[in-house]
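Undergrad: Chain residues, written in single-letter form:
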Amino acid sequence: MIMNNIKYIVVVLSALLSQQLVAQDTGDVLIKNGTVITITDGVKENTDLLIRNGKISQMGEGLTAGDNVRVIDADNMYVMPGIIDAHSHIAIDAVNEATDPVTAQVWVGDALNPYDVNVYRALAGGVTISHAMHGSANAIGGQCETIKHRYGVEDPEAMRMKGAMRTIKFALGENPIRVHGEGQSIVPNTRMGMEQVFRNSFAEGKAYAKAWKDYSSGKTKTPPEYSLQKQTMADIISGDIMIHCHSYRADEILMLMNVLKDYGVDKICFQHVNEGFKVAPELAEFGAYASVFSDWWAYKFEVYYSTAYNAAILTKNGVVTSINSDSRELIRHLYHEAAKTQKYGGLSDNEALKLITINPAIQLGIQDRVGSIEKGKDGDIAIFNKHPLSIYAVPQYTIVDGIVRFDINEDPIDMRIDVDPEEAVPAFMETLDHSEDDSCMQGVQGHHHSHSHKH
Amino acid sequence: MQRIIYTLVIISLSGILMGQGIEKAQGGNFLLQNGQVYTHDKGMIGADVLIKEGMIAGLGNDLSASDATVVDCKGLEIYPGMIDAGTKLGIAEVGAVSLTQDHNEHGEYTPHMQALTAVNPSSVNIPVNRVNGVTTVLTVPSGSLFPGTAAAIDLHGYTPQQMYAGFKGVVLRFPSSGKRGRWDRRSAEDIKKDSEKKLKKLNKFWKSAKIYAGIKANNGETDYNPQMDALVGVINDNEPLLIEVNKKEDILLALSWVNKSKVNAIFTGMSEGYRVIDSLVKYKIPVITGPILNNPARSSDKYDVGYSNAGLMSKAGIKVAIRTNETENVRNLPYNAGFAATYGMGWEEAFKAVTQNAADIMGIGDKYGSIEKGKVANLFVSNGDPFETKTQIQHLFIRGWKISMESRHTLLYDEFLERDPGLNVEK
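Protein chains in written order, with the working numbering: chain A, 1 to 455; chain B, 1 to 427.
In isolation and in its complexed conformation, chain A is listed as follows (with noise of 0.2 Å):
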């Protein structure tokens, strides 16, 4: 009996010290004789790559390591830049703070879940990173996280991508007016109400920001009362915050970036943006980016007026674009999803990978660390039989920060972390819509019950 205590005591203390280890962890791998796309300086043939201690060290012809670190033979293969997603919503255990148009306190960085296997399934289709946001209930939704996709670690600490920039959840149309306008009687109930919703917040985040710092300079004796909302409005008009927007009609995004003028805000990312195809004359001249679907449509009457060659038309107008997936399907293939956009619209191989890479990294704040392969950054890596943006191209090997993740020759069937005794086999979920496994609306009263599409 003591001894199997002890014993147990030994397994628990072993896998804790483990999981400890695997937190914390960069790794160091020599990729051989791949042909390395490096989205920012071309294709280069026959080219090894080698990440040390998590970081892309060397490029080139020849290179040696270490006997303990990890060869790939990656002849005959294709090394890209980790994938990276503008939107999604895997790995995070709470959605929507559908209770208020503004909710700009709230943050999903609070409830991220390591354990959720579609982390798994992203690493599977080659994706590193993804940007788990606030659902579009609010108006003003709450602050998003980027995270790493490093599955296997139990601390959600260790899935944060550690100094990337902050970003917020907006949302414009049918979701917020239907949620609080049409289900509470509130405004917003029509898009002029919306605009209100914004000039109001951006008013109030102004004013406390200001009434800060009157007090700090002594010009004010009593401190404001402390609100975590204002400050974060104040922290979005000080460039502090970018804002990802979820938008669809051409109208309500010219109206969001007059308003933005307004408050000298330029750090904004429009989210699906379905008809950014419009204005995309407009979205270049402000600097807005924009991250968009490949060919979703139809799916609500806010985006019946769409058209799948949307990522051209921004791309050739100078609009930085980015494919995203807000699905837990999706995600699992964003290499055929940018694809897509060689059929819609004739772009290169490079412009296409650039929407699944360097451009999202633009979009997260995070360029200068990601989405791309270059000397320094970090080793975030996909490695693909086949050209990624071929229907035949199957991800082999997926590295986050030096370590391989994903490896198609050690990829059991059953990868989830957090079995529970009582569902040791899982439930079988029917297939439904598409749409209706998507996030976007998750967490709000009544949406699963409707049968119908809400992004």
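Please keep in mind that the hints were generated in silico from the structure rather than gathered at the bench. Don't take each hint at face value.
[Claimed, not checked] Here are the simulated SDA-like pairs of lysine to any residue, each with C-alpha atoms no more than 20 Å apart in a straight line:
#1 B:Lys302 with A:Asp418
#2 B:Lys302 with A:Glu423
#3 A:Lys386 with B:Gly344
#4 B:Lys248 with A:Ala427
#5 A:Lys316 with B:Ala230
#6 B:Lys302 with A:Lys316
#7 B:Lys179 with A:Val425
#8 A:Lys316 with B:Lys179
#9 B:Lys248 with A:Val425
#10 B:Lys390 with A:Ala393
#11 B:Lys248 with A:Ile413
On the provided structure of chain A, position chain B as indicated by the hints.
TA: Same frame as chain A, now just chain B:
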């Protein structure tokens, strides 16, 4: 002014389809010359294709053009039009606008609801999807136990009857013991009870329908019952019954139900078909599976089970067709097939799964599914492999009509790529 004249000329020359701004289809006879034609038995062959009165009138070399319009296909490839044997195309328009959704009628037993009746030939979804090479779809009602009767339609025509492609099938959504999504909070026990209850209901209804069909078979007298009347063909005349079933345990139950009720079954969905291969092989029931681009149904599943399922079934000798189960993105059919091809099915079988097999399973294989003399002229001309994402389709024929490659999506591209006026605001 010049631009206005030019626009007027274009409009008067082309003719516009049903207010969608899409060029009208061109009728007549066509000779597709100098292309490579894909055939299921010989692969690519260098041959011309003659289209006459909506049908393929000839396949070979040195075909005479006579009055046919010549379409030069030099350097191009010609494939039979793809068939998506599971969609809501034509009976659903805008997802979240419920009044545009005509696939889900009230009632548990509504096999008499006809999808074909509700097909909207002017659906904006139709041109958007067909320009990717999908020429025929099965449009399928959804919802209750017997949601209605599905119908195969060609994706060109001005009335549902014109579009009808010769197959109708009653749909049975077999009682499911799976969860209906992540918000389904029923316990495993409750789910089991619910599905057992539903199976009892199905059997009770089926028993009555058999009695009704028996009376009909003997020309007996009975009150008209539209629900049961819709099943007479299935019970008396061996007409196929489309049975939607996905979970392993449910498939096994469905197999024994089919065996007992002796219906001519087509299984649809079948996401866990790969788990019951031996039983499937034994009963030889054809399968319409998909979407292939689909999340694994269980958290313990390997990430690629959706990709590999169709290939595992087809390799075991089961006749497999691939569907998208989509409405506005039926156009992704070649990519669903492409993923299946990549993950074990192989190109030839995957292409059959969206052409000849789909046609055979619907009983219209003598008219659809390949480029052969005497078949309906549903085909497309592309600059390469239709599964490859970047491949462009150049010409499209449906029932011999040369279909415009325009759709809402291309028209918006043409209008907005170089928007005019651009940034300038008139002062």
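Undergrad: Are the hints correct? Go through all of them and say.
TA: Here is how each hint holds up against the structure:
1. B:Lys302 with A:Asp418: 16 Å, holds
2. B:Lys302 with A:Glu423: 16 Å, holds
3. A:Lys386 with B:Gly344: 16 Å, holds
4. B:Lys248 with A:Ala427: 12 Å, holds
5. A:Lys316 with B:Ala230: The hint is violated at about 54 Å.
6. B:Lys302 with A:Lys316: Violated, at about 39 Å.
7. B:Lys179 with A:Val425: 13 Å, holds
8. A:Lys316 with B:Lys179: Roughly 44 Å separates the two Cα atoms, so the pair is violated.
9. B:Lys248 with A:Val425: With a Cα-Cα distance of about 12 Å, the restraint between Lys248 of chain B and Val425 of chain A holds, given a limit of 20 Å.
10. B:Lys390 with A:Ala393: 13 Å, holds
11. B:Lys248 with A:Ile413: 17 Å, holds
Checked against the numbered hints given earlier, the structure breaks hints 5, 6, 8 and satisfies all the rest.
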